[in-house]
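Using the sequences and the hints, build the whole thing.
Chains as they are written, first to last, in our numbering: chain W, 22 to 237; chain C, 22 to 237.
If you are wondering where the hints come from, they were derived from the structure by calculation, not from laboratory data. Some clues are possibly wrong.
Identical chains blur together in the list; that is why a pair holds if it fits in one copy or across any two.
The calculated lysine-lysine pairs, modelled on DSS-like cross-linking and capped at a C-alpha distance of 27 angstroms, are [what the hints assert, rightly or not]: (1) 34 to 127; (2) 33 to 127; (3) 174 to 116; (4) 47 to 116; (5) 106 to 127; (6) 106 to 116.
Number of protein chains: 2
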Amino acid sequence: MEYVRDPLEIEKKSFEIIEGHVDRGKFDEKEWAIVRRVIHSVADFEYAGIMDFSEEAVEAGLAAMRRGCRIVTDTRMVEAGINRKALEAAGCVVKCYVDYPDVAAKSRELSITRAMASIMAAAQDGGGGIFAIGNAPTALFKLLELAEEGRIKPDLVIGVPVGFVGAAESKEALVASGIPYIVAWGRRGGSTMAVAIVNALLYMLKDENGKICRKG
Amino acid sequence: MEYVRDPLEIEKKSFEIIEGHVDRGKFDEKEWAIVRRVIHSVADFEYAGIMDFSEEAVEAGLAAMRRGCRIVTDTRMVEAGINRKALEAAGCVVKCYVDYPDVAAKSRELSITRAMASIMAAAQDGGGGIFAIGNAPTALFKLLELAEEGRIKPDLVIGVPVGFVGAAESKEALVASGIPYIVAWGRRGGSTMAVAIVNALLYMLKDENGKICRKG
Numbered sequence: 022m023e024y025v026r027d028p029l030e031i032e033k034k035s036f037e038i039i040e041g042h043v044d045r046g047k048f049d050e051k052e053w054a055i056v057r058r059v060i061h062s063v064a065d066f067e068y069a070g071i072m073d074f075s076e077e078a079v080e081a082g083l084a085a086m087r088r089g090c091r092i093v094t095d096t097r098m099v100e101a102g103i104n105r106k107a108l109e110a111a112g113c114v115v116k117c118y119v120d121y122p123d124v125a126a127k128s129r130e131l132s133i134t135r136a137m138a139s140i141m142a143a144a145q146d147g148g149g150g151i152f153a154i155g156n157a158p159t160a161l162f163k164l165l166e167l168a169e170e171g172r173i174k175p176d177l178v179i180g181v182p183v184g185f186v187g188a189a190e191s192k193e194a195l196v197a198s199g200i201p202y203i204v205a206w207g208r209r210g211g212s213t214m215a216v217a218i219v220n221a222l223l224y225m226l227k228d229e230n231g232k233i234c235r236k237g
Numbered sequence: 022m023e024y025v026r027d028p029l030e031i032e033k034k035s036f037e038i039i040e041g042h043v044d045r046g047k048f049d050e051k052e053w054a055i056v057r058r059v060i061h062s063v064a065d066f067e068y069a070g071i072m073d074f075s076e077e078a079v080e081a082g083l084a085a086m087r088r089g090c091r092i093v094t095d096t097r098m099v100e101a102g103i104n105r106k107a108l109e110a111a112g113c114v115v116k117c118y119v120d121y122p123d124v125a126a127k128s129r130e131l132s133i134t135r136a137m138a139s140i141m142a143a144a145q146d147g148g149g150g151i152f153a154i155g156n157a158p159t160a161l162f163k164l165l166e167l168a169e170e171g172r173i174k175p176d177l178v179i180g181v182p183v184g185f186v187g188a189a190e191s192k193e194a195l196v197a198s199g200i201p202y203i204v205a206w207g208r209r210g211g212s213t214m215a216v217a218i219v220n221a222l223l224y225m226l227k228d229e230n231g232k233i234c235r236k237g
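Pasting the structure below:
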């Protein structure tokens, strides 16, 4: 069968298609590198229209990564998708608390989602870091509650939970919170999108350091 | 903040919203259970219009699962998203070969994607099973080549790779192959979708067995 087999060629061709179809618009160069990787990951040009960044959000994320921050995810899918080599090169770690033994017990006890209980565990385990919420609106709501109470201090929140119940509202609450954010407005989002955003930030850091690393 | 915290209530509400917006249309009851879970996962009604099933695809998948088949995925994200409890209850296993030591070496040697090399490893490791391709069109192309050569005999292919380069074409090739399939036409798809389809099948099996298991 005839098809492109070289991973770098596939990515290059994909980025050319995106650049040919979508205008960079309001995004600066670094924001656009993130938006472009999201579009590449979901194969949907419309995502350019729903993405938004707080001022200096990208810089806040990069600064945290330069300090070797933790990246907290709400699902194991997001954890699994983050490029390990780029992560290690940055000296960062991914933490996903949903499978911690206490978390399931806590969620049953309180009749809350495991995602919420996992963010409570993240707060107990330290205050800062980048939070990549790609699945559960409840995780984002809980994060904002804990931040309001001063029990958690995110450097950046990647707020792209998905769903018909609460997703849009959770992002509006994030944008109103004053915490640096990258969001996708409305009900769309997802693990793939969260991963694309984290990896785009990690790749920027690699490029800064003059190394090249791409996921095959 | 005011939001729904109970995971079962969230899923119930979400399914009600979907049933209120999308007509079951051409899908039978089991196909619809799958389509509905996909829409729930991506929060996009349009996916009802791009999903397609070969005749008896669902039964082929369930029959393989009843035999405790392997479920081969093209990415660790899909592997991570599959419900472990439902998987274990079915006696099935998930196999993702992309991180196997030989796979990276083979992909570099041949200038092919790691996803392609992972499917070659899957062929060496046995012939059958359910293949859930949620990311790389090249993995689906390679799978079809190996099937044509008789080196792999999938019970069901969940063909939902995503992307601008080859995704649509790879699905057309799958549908023409005669292998039982579940696809999303065009360039859309993704890990989340592959996971939703596999989990929907596993939940059907659990319901058959009179047990209840849902991911929190």
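A quick look at each hint next to the structure:
| no. | hint | result |
| --- | --- | --- |
| 1 | 34 to 127 | between (47 angstroms within a copy, 23 angstroms between copies) |
| 2 | 33 to 127 | between (46 angstroms within a copy, 22 angstroms between copies) |
| 3 | 174 to 116 | within (16 angstroms within a copy, 38 angstroms between copies) |
| 4 | 47 to 116 | neither (32 angstroms within a copy, 43 angstroms between copies) |
| 5 | 106 to 127 | between (33 angstroms within a copy, 18 angstroms between copies) |
| 6 | 106 to 116 | both (16 angstroms within a copy, 22 angstroms between copies) |
The structure fails to meet hint 4 from the earlier list, while all remaining hints are met.
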